[in-house]
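My request is simple: use the sequences and hints to build the entire structure.
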Amino acid sequence: MRASTVRKLCTLSALYRSHTVRKAKALASSSSISVSVSEHNASEFNLSSMDLNRVPSQVAEDSPDDDDNVSSKLSSILYHPSPAEEPVVVKEEPVVEEVDDGKEKTEKVIDFPLFPNLSPGELLFKRKEAARYRKHKWIFKLSSEDRFDRLVQMCAKRLGTGLTLDVFNKLGRETGVKEFNALIRTSVKKARATNNEYVAIEELSKAFHLLQNMKECGFKLEEQTYQPLLRYVIDMGMVKEFQLFSDVIRAENPCSVSRLGYYEMLLWIRVDNEEMIRDICEYITVEDSQDTAAIRDPCSFDLGLFAMDYEMDNLLSLLDMGVLCQCTLENYLLALCESDLKIQISDVLKDIDIGMLSSTKSIESVFQSLGRLQLESLAENLFLDLRARGNNSLPLVSARISGAVLDDYVSWFCEEEGSQIFAVVYYLCYYLVGISLIWLKLNIGSTRMSSDFDEDEISNFIANYAVNIPNLAVEDIISKIKNLHDLLEVLQSSSSYEKLIMYCCDLGKLDVALDLVDNMCEAGFTLSTKMLQSILHICEETYEYVLVHRIYSIIHRFRLELNGEICRSLVHFCVRTKDFEGAYKMVDDLEKMNFKPAVYMYNAIMAGYFREKNVSGALRVLKHMRDANVKPDTQTFSYLISNCETEEDIIKYCEEMKQLEITPVKPIFMALINAYAACGKLDMAKQVILDVNIPVKFLNEIKSVLVSALASHGELSEALVVYEEINRAGYNLEPKAVINLIEEFAKFKGELDGMLMLLTELTDLDYWVDGCFRVIIYCVHNKHLSSAIDLFKQLKKKFESDELVLEVLFDAVFAAIAASESSNLQIGLDLLWAVKNELGLVPSRQCLDFLLSACANAGDLNNARLIWREYEVAGFPYNVLSYLRMYQALLASGDYRSANFMLSKIPKDDTEVSAIIKACQETYSGLSSAAQKKIK
Numbered sequence: 001m002r003a004s005t006v007r008k009l010c011t012l013s014a015l016y017r018s019h020t021v022r023k024a025k026a027l028a029s030s031s032s033i034s035v036s037v038s039e040h041n042a043s044e045f046n047l048s049s050m051d052l053n054r055v056p057s058q059v060a061e062d063s064p065d066d067d068d069n070v071s072s073k074l075s076s077i078l079y080h081p082s083p084a085e086e087p088v089v090v091k092e093e094p095v096v097e098e099v100d101d102g103k104e105k106t107e108k109v110i111d112f113p114l115f116p117n118l119s120p121g122e123l124l125f126k127r128k129e130a131a132r133y134r135k136h137k138w139i140f141k142l143s144s145e146d147r148f149d150r151l152v153q154m155c156a157k158r159l160g161t162g163l164t165l166d167v168f169n170k171l172g173r174e175t176g177v178k179e180f181n182a183l184i185r186t187s188v189k190k191a192r193a194t195n196n197e198y199v200a201i202e203e204l205s206k207a208f209h210l211l212q213n214m215k216e217c218g219f220k221l222e223e224q225t226y227q228p229l230l231r232y233v234i235d236m237g238m239v240k241e242f243q244l245f246s247d248v249i250r251a252e253n254p255c256s257v258s259r260l261g262y263y264e265m266l267l268w269i270r271v272d273n274e275e276m277i278r279d280i281c282e283y284i285t286v287e288d289s290q291d292t293a294a295i296r297d298p299c300s301f302d303l304g305l306f307a308m309d310y311e312m313d314n315l316l317s318l319l320d321m322g323v324l325c326q327c328t329l330e331n332y333l334l335a336l337c338e339s340d341l342k343i344q345i346s347d348v349l350k351d352i353d354i355g356m357l358s359s360t361k362s363i364e365s366v367f368q369s370l371g372r373l374q375l376e377s378l379a380e381n382l383f384l385d386l387r388a389r390g391n392n393s394l395p396l397v398s399a400r401i402s403g404a405v406l407d408d409y410v411s412w413f414c415e416e417e418g419s420q421i422f423a424v425v426y427y428l429c430y431y432l433v434g435i436s437l438i439w440l441k442l443n444i445g446s447t448r449m450s451s452d453f454d455e456d457e458i459s460n461f462i463a464n465y466a467v468n469i470p471n472l473a474v475e476d477i478i479s480k481i482k483n484l485h486d487l488l489e490v491l492q493s494s495s496s497y498e499k500l501i502m503y504c505c506d507l508g509k510l511d512v513a514l515d516l517v518d519n520m521c522e523a524g525f526t527l528s529t530k531m532l533q534s535i536l537h538i539c540e541e542t543y544e545y546v547l548v549h550r551i552y553s554i555i556h557r558f559r560l561e562l563n564g565e566i567c568r569s570l571v572h573f574c575v576r577t578k579d580f581e582g583a584y585k586m587v588d589d590l591e592k593m594n595f596k597p598a599v600y601m602y603n604a605i606m607a608g609y610f611r612e613k614n615v616s617g618a619l620r621v622l623k624h625m626r627d628a629n630v631k632p633d634t635q636t637f638s639y640l641i642s643n644c645e646t647e648e649d650i651i652k653y654c655e656e657m658k659q660l661e662i663t664p665v666k667p668i669f670m671a672l673i674n675a676y677a678a679c680g681k682l683d684m685a686k687q688v689i690l691d692v693n694i695p696v697k698f699l700n701e702i703k704s705v706l707v708s709a710l711a712s713h714g715e716l717s718e719a720l721v722v723y724e725e726i727n728r729a730g731y732n733l734e735p736k737a738v739i740n741l742i743e744e745f746a747k748f749k750g751e752l753d754g755m756l757m758l759l760t761e762l763t764d765l766d767y768w769v770d771g772c773f774r775v776i777i778y779c780v781h782n783k784h785l786s787s788a789i790d791l792f793k794q795l796k797k798k799f800e801s802d803e804l805v806l807e808v809l810f811d812a813v814f815a816a817i818a819a820s821e822s823s824n825l826q827i828g829l830d831l832l833w834a835v836k837n838e839l840g841l842v843p844s845r846q847c848l849d850f851l852l853s854a855c856a857n858a859g860d861l862n863n864a865r866l867i868w869r870e871y872e873v874a875g876f877p878y879n880v881l882s883y884l885r886m887y888q889a890l891l892a893s894g895d896y897r898s899a900n901f902m903l904s905k906i907p908k909d910d911t912e913v914s915a916i917i918k919a920c921q922e923t924y925s926g927l928s929s930a931a932q933k934k935i936k
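At position 516 of the sequence shown the residue is numbered 516 (full-length UniProt numbering), and the sequence of numbers has no breaks.
Heads up, some of the hints might be wrong.
Claimed, not checked - Across the chosen pairs, the derived CB separations fall in these ranges:
| hint | residue 1 | residue 2 | range |
| --- | --- | --- | --- |
| 1 | Glu-275 | Arg-869 | 52 to 62 Å |
| 2 | Lys-592 | Arg-620 | 35 to 45 Å |
| 3 | Arg-869 | Gly-750 | 33 to 43 Å |
| 4 | Ala-812 | Glu-223 | 45 to 55 Å |
As the list claims (entries may be wrong) - With a Cα cut of at most 30 Å, we get these calculated BS3-like pairs of lysine-lysine:
| hint | residue 1 | residue 2 |
| --- | --- | --- |
| 5 | Lys-908 | Lys-836 |
| 6 | Lys-585 | Lys-631 |
| 7 | Lys-697 | Lys-189 |
Note that these hints are calculated values from the structure, not bench results.
From the three backbone atoms N, C-alpha and C, an ideal C-beta is built for every residue, glycine too.
Below you can see the structure in the form of structure tokens.
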């Protein structure tokens, strides 16, 4: 078979030989089998295939020739107030090789105190302050794993991989799997981010050395370690590199061979190697072929041969390999099902028994693939097969292994000792088979020991299949699920309901989702709090606050379990619909349901009142809190302080906070700045940032709020002073503050350079688009055509892969031109030609509509006729709106004859269209009497 000569990655014959050699050396030294997989594979692929030898084991991005430079970099990592917020930047230059100057130099670089300038009392205060802040947050979005990964990225960026490991060791943290995994992920991330092939190879070589270091340290190479690395080489189509890494992984962890089969199949699909794909598909389906059975099928291996030298441990090991064979087959199949190879998937699934798959999750993946590829008849046949399975059958791998053990042992004993001991051997074999099956049960927890499926599992498979069918309306999917349940005579399970509910929510069909929730609860199932919370979250994202009463009715009728976040969302939704009385009633009802009112419920109501500028209503909330014996928190006082109208009110709430022993946190300091600025006390606002209780890591955010407050209250020069202080300290201004500065600059002429400089500080795409739009409008109003075109080009570059977003952004600019003064018409036309000629784009219909309206407003008939012809050039047919706009332009320019002709093309059966025509005639009173008579 071609696979036996081409492929060495996951060939089970090589794995068997290496496995039996290790067992033979440990338990039977007289065994003659001595095949080494690592030597066999090393003959073809080695480290030089990636040109990795030029990189030492410790590589640093920055040359450590200057000790002080490296020490300062390390200090900046540990003392940096907000290191997590810094983006990782991958330089496109080749990595500089590091020369190791010895242990003394390394110790010099990293030998310093962790907190050099803090007394024990100050250190204790800092720790308590950090603990209070963590407890204050109602949700903790960043896990410790995320924080550690970001720390590793910072260190690896500034120090290099090798020195980073030394730093961790010096700080008393042993380098473990977690550290190695984080460094490998960092190298892969850098390789993905760069377009420089040299840099990518360097990062890949670092990852290889990290794997080698893990082996030397005795760590097992699990999938969590090698998955990002293999994913990268697969995406890049690196076949030899994939084999190199796979050899290293398999040599250290032979049990990973089955999972490597999954990645191998993904590789052949990625590089479109039809021969290897066909070979693996044959392996999955053709079990009795003479040329593949001895290579890949451990269950047909001559177990009797090893019975002479092996004892029970060896038999169990061979059973382990049989399960490994089964898992390899399964992983091949799962990778195949993730592709769009419809013919291959269909052929394979027709010839195998999916009951052999070891987990329900794997079978779900198969049905998801069938739905995605619309293989309806095949899916129905598999559903019927699963429904008809017997209740006492054993999984395929167990039956085949058991039969092999029994047959080989009986025949070997009979040949060696004669038929007189047949009975003894017979019972011995049954004993071994029983032990093997028990062992499978205990050691392979995910393997199904019975291949029949209950109704809940089949119902879940149906849902996985149906929701993955493309281009099918939600109503049709629900109907298909119902029909399949009727066909198989099974009841819909709770997991099937939940999957369908989430599918409807993802599509924005919240009404249908709530109908399904009703049906699910009426069927006797209970909706989990996690599902209910997900529904509320999607309602909030889609602004479907009006559904709150229906959701609350379901909760009340079926007595669903609640948690704090669900209660907060319900009250918040009532407030967003301005149903404050309903929000109060909901709080009272929750108390009757033994759910004690919490401060976040009242905070939601208070925020709603302040949003509506209803100060008295917000203060009533504070009274309700006191009556309910609910203590205000920092969020409560931040709302109260932010909306203070006098300095006395600010002082009053600050004193109340002290009495309640509430420690000020970031929102309080921000609220104080805004409140003092609103009261005209800008000097007091500037004093807030001098408070010694402000945590250093929040100082930049609080200063950014001060910049916004000063700028919005006419103190632009003072705001720029604080902005310069932030830059000198090595920080960046917060995006909201940058937008506020751009908005203030737009009020003055001659400030384009400053606005463009501020625009470069915005790294978040959403904020950048907002700032870019404001600068473009400034350019339009001040006739800076070249700068506006440059910004258009930047927009095109950022959204080159998303033409729809680009079209919406351009339309917004032309809409603003149409709504502005008529003097801006010419620059609007110039931008239109730039979009066509310099950007190579076709202007949208909306763009032409806005410009035609601008021509009508300016009474510019010549340019109106020019835009009119652009509709034909762009291939847009004229419609009612374009006729109306041109009719208005003709009337405004006094061309009544052409206006009458245009009027004849406009259908007048629509009342709104007739109203617009009448408004145009009233506006432009010079309309001829003939036209007026025609309209009447």
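Evaluation of the provided hints:
1. Separated by about 57 Å at the C-beta atoms, Glu-275 and Arg-869 satisfy the suggested range of 52 to 62 Å.
2. At about 21 Å, the beta-carbon gap between Lys-592 and Arg-620 misses the expected band of 35 to 45 Å.
3. A C-beta distance of roughly 38 Å is found between Arg-869 and Gly-750, which places it inside the suggested range of 33 to 43 Å.
4. In this structure the supplied range 45 to 55 Å holds for Ala-812 paired with Glu-223, their Cβ-Cβ distance being about 46 Å.
5. Between Lys-908 and Lys-836 the CA atoms are separated by roughly 35 Å; this puts the pair beyond 30 Å, and the hint is violated.
6. Distance restraint check for Lys-585 and Lys-631: the Cα-Cα separation of roughly 20 Å lies within the 30 Å cut-off, and the hinted pair is therefore satisfied.
7. With a C-alpha separation of about 27 Å, the suggested pair Lys-697 and Lys-189 falls inside the 30 Å cut-off, and the hint holds.
Comparing the model with each numbered hint stated earlier shows that hints 2, 5 do not hold.
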